[in-house]
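Q: Those sequence lines, one after another, are chains A and B.
The opening residue of the first sequence carries number 2 in the numbering used here; numbering runs sequentially from there.
The opening residue of the second sequence carries number 242 in the numbering used here; numbering runs sequentially from there.
Incorrect hints may have been included.
Claimed, not checked - Ranges of calculated distance between the beta carbons of each label pair, as one might list FRET restraints: (1) B:363 x A:199: 38 to 48 Å; (2) A:159 x B:358: 33 to 43 Å; (3) A:90 x B:354: 18 to 28 Å; (4) B:365 x A:187: 58 to 68 Å; (5) A:207 x B:253: 21 to 31 Å; (6) B:349 x A:120: 52 to 62 Å; (7) A:23 x B:354: 21 to 31 Å; (8) B:341 x A:4: 17 to 27 Å; (9) A:207 x B:297: 53 to 63 Å.
What the hints assert, rightly or not - Chain B is faced by these chain A residues, among others (derived, beta-carbon under 8 Å): (10) 23; (11) 49; (12) 88.
Note that these hints are calculated values from the structure, not bench results.
For glycine and all other residues, C-beta sits at the position ideal for the given N, C-alpha and C.
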Amino acid sequence: MSTYAADVAALARKDLRLELRARDTLPAMLLFVLATLVVFHFALPAGTGHEPAYGLLWVALVFTALLGLGRAWVPERENAALDGLVLAPCDRSAIWLGKALATLTFLVAAEVVALPAFALFFAPLRGTALAGVALADIGICTVGSLVSAMAASSRTRELILPLLFLPLAIPLIVGGVGSSVSPHGGKYLLFLALYDGVFSILSWASFEYVVTE
Amino acid sequence: MLIRARDVEKRYGRAWALRAVSFEVDEGGCLLVTGPNGSGKTTLLRLVCGLAAPTGGVLEVGVDRAGLGFVGHEPLVYRDLTALENLELYGRLYRVPERRERTGMLLERFGLWDARNQRVSGYSRGMTQRLALCRALLHDPQLVVLDEPYTALDDEGAGVLDRELEMLAEERTLVVSTHDAGRIDALADTRLALA
Numbered sequence: 002m003s004t005y006a007a008d009v010a011a012l013a014r015k016d017l018r019l020e021l022r023a024r025d026t027l028p029a030m031l032l033f034v035l036a037t038l039v040v041f042h043f044a045l046p047a048g049t050g051h052e053p054a055y056g057l058l059w060v061a062l063v064f065t066a067l068l069g070l071g072r073a074w075v076p077e078r079e080n081a082a083l084d085g086l087v088l089a090p091c092d093r094s095a096i097w098l099g100k101a102l103a104t105l106t107f108l109v110a111a112e113v114v115a116l117p118a119f120a121l122f123f124a125p126l127r128g129t130a131l132a133g134v135a136l137a138d139i140g141i142c143t144v145g146s147l148v149s150a151m152a153a154s155s156r157t158r159e160l161i162l163p164l165l166f167l168p169l170a171i172p173l174i175v176g177g178v179g180s181s182v183s184p185h186g187g188k189y190l191l192f193l194a195l196y197d198g199v200f201s202i203l204s205w206a207s208f209e210y211v212v213t214e
Numbered sequence: 242m243l244i245r246a247r248d249v250e251k252r253y254g255r256a257w258a259l260r261a262v263s264f265e266v267d268e269g270g271c272l273l274v275t276g277p278n279g280s281g282k283t284t285l286l287r288l289v290c291g292l293a294a295p296t297g298g299v300l301e302v303g304v305d306r307a308g309l310g311f312v313g314h315e316p317l318v319y320r321d322l323t324a325l326e327n328l329e330l331y332g333r334l335y336r337v338p339e340r341r342e343r344t345g346m347l348l349e350r351f352g353l354w355d356a357r358n359q360r361v362s363g364y365s366r367g368m369t370q371r372l373a374l375c376r377a378l379l380h381d382p383q384l385v386v387l388d389e390p391y392t393a394l395d396d397e398g399a400g401v402l403d404r405e406l407e408m409l410a411e412e413r414t415l416v417v418s419t420h421d422a423g424r425i426d427a428l429a430d431t432r433l434a435l436a
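Can you build the whole structure from these sequences, using the hints too?
A: This is the structure we're talking about:
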């Protein structure tokens, strides 16, 4: 394993270990996404077709991710541990990538419960919808880890994070809903893959400037 | 010359944290920084470490991040990891050779070996400060920057730090800010009093 990959793995493993001990992110994400789906189940009038439900699924997933992203840098804020990581001679983008991988793990874990629940309450998910969720997860976590790091250094982080993240998540919702309902779902999957590629590179390249003056 | 500062300034918005500070520290030297609260000691040390950038002036530090050890007001460790896990993580990121031996040696030296598997959240303030010192010295840095290192240490911990600083001063460069200048004065060859 290269030094960079070993650093990323060590940083992601640290976040998983912290979550296993503190258990303050994943249980909240699970409860939130299930509660949201239940609320949507009762909010949709009887006889509504499947298509609005797919839209609501994406709303639930994005806000669940937002909940996880709001907690993502809390361990680094405590005791100023982020300064310790920034001072280390590793590539600073490894800090971002480790955080994105850990956040992705939590989001996928929440979806392992949320997607079957959606199928139970609303409608089955086809293959392109599942692929759309997988691709959107990558975009959510790469961009989300960057903007949550930006927000973490602000006193008004709870306000800043959704204001920064939600506009950037609009293309992911467009692609995700398209892959779920459109007969040309493959086109939307390509769009999501392109978003992931472009925004992952931008986030990777700009993280250093976010954590240093 | 390892550190050279010429008219270094730092401003946060309209507030000045540092104004026209100049000093030089030779390789192997020891700079003692003193001054009342709010005089800019912490700001100056963060500039030296590269955690902040000066607003004006020139600051040259002749070591990269791999050669720098820093103890700040915060311990820079994870509360929900044990001492061993924290040092293992930092040892990996700093590419410390034989890091298990080095970690064990430092924990022994700073009296934390018996608490090595305890989470930092259960440590007293003094124990956390000792762990912060272990973390800063883990990679045997060429330049050691210490911001109020005696904070929260009991007599035993302060004695350990005294001995450690004496050893470090023989072969490393030190920058130390403290209110207790008497403890460091004998080691210092440069003094900077901020007003």
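Q: The structure should be examined with respect to each hint, and the outcome stated for every one.
A: The hints, checked one at a time:
no. : hint                      : verdict
1   : B:363 x A:199: 38 to 48 Å : 45 Å, holds
2   : A:159 x B:358: 33 to 43 Å : 35 Å, holds
3   : A:90 x B:354: 18 to 28 Å  : 27 Å, holds
4   : B:365 x A:187: 58 to 68 Å : 60 Å, holds
5   : A:207 x B:253: 21 to 31 Å : 23 Å, holds
6   : B:349 x A:120: 52 to 62 Å : 56 Å, holds
7   : A:23 x B:354: 21 to 31 Å  : 25 Å, holds
8   : B:341 x A:4: 17 to 27 Å   : 18 Å, holds
9   : A:207 x B:297: 53 to 63 Å : 26 Å, violated
10  : 23                        : 5 Å, holds
11  : 49                        : 45 Å, violated
12  : 88                        : 6 Å, holds
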